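Chemist: Sequence:
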Amino acid sequence: MTATSHAIELLQVAARAADAKGGTDLVALDVTQPLPLTDIFFLVTGNSERNVVAIASEVEDELIRAGAKPLRREGRAEGRWALLDFGDLVVHVFHEEERGYYQLERLWKDCPVVSIELPERDTRE
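Per this note's numbering, residue 242 is the first one in the sequence shown, and the count goes up by one each step.
Treat the hints as calculated values from the structure; they're not laboratory data.
These numbers were taken from a predicted model, which means no experiment stands behind them.
Be a bit skeptical, because a hint or two may be false.
[As the list claims (entries may be wrong)] Have a look at the derived ranges for each label pair, beta carbon to beta carbon: (1) Asp302 with Gln274: 15 to 21 Å; (2) Leu324 with Gly263: 15 to 21 Å; (3) Arg347 with Ala307: 29 to 35 Å.
From the three backbone atoms N, C-alpha and C, an ideal C-beta is built for every residue, glycine too.
Using the sequences and the accompanying hints, generate a full structural model.
Modeler: Here's what the structure looks like:
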């Protein structure tokens, strides 16, 4: 079993929102095999508590605009690790220190990576 097209569509919305707020190290993992309740874990890093909160807020707002229903959210107020559960997609927004400490990619290393498509950035100054 692999992630549904709906989950992949939600991932793309979340990734664009995270990228727009300066999120880095975006990784999506297809967790359908070990976890029957969700399809994709989306991991993103913020460089400060304020950035983590901004990323989590933007991702949540954009997913709601796209018609997704938030089931649960945790940790956003602290700005260290925010979890946003949208059923098919679970978003983890980490402060860089927590990302290194918890190493969810290592924990879920057997899960396939899901491709993330972001708009091209203009690199001219």
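Chemist: It remains to establish, for every hint, whether it holds in the given structure.
Modeler: Taking the hints in turn, this is what the structure says about them:
no. : hint                           : result
1   : Asp302 with Gln274: 15 to 21 Å : violated (31 Å)
2   : Leu324 with Gly263: 15 to 21 Å : holds (19 Å)
3   : Arg347 with Ala307: 29 to 35 Å : holds (30 Å)
Going down the numbered hints, you'll see the structure goes against just number 1.
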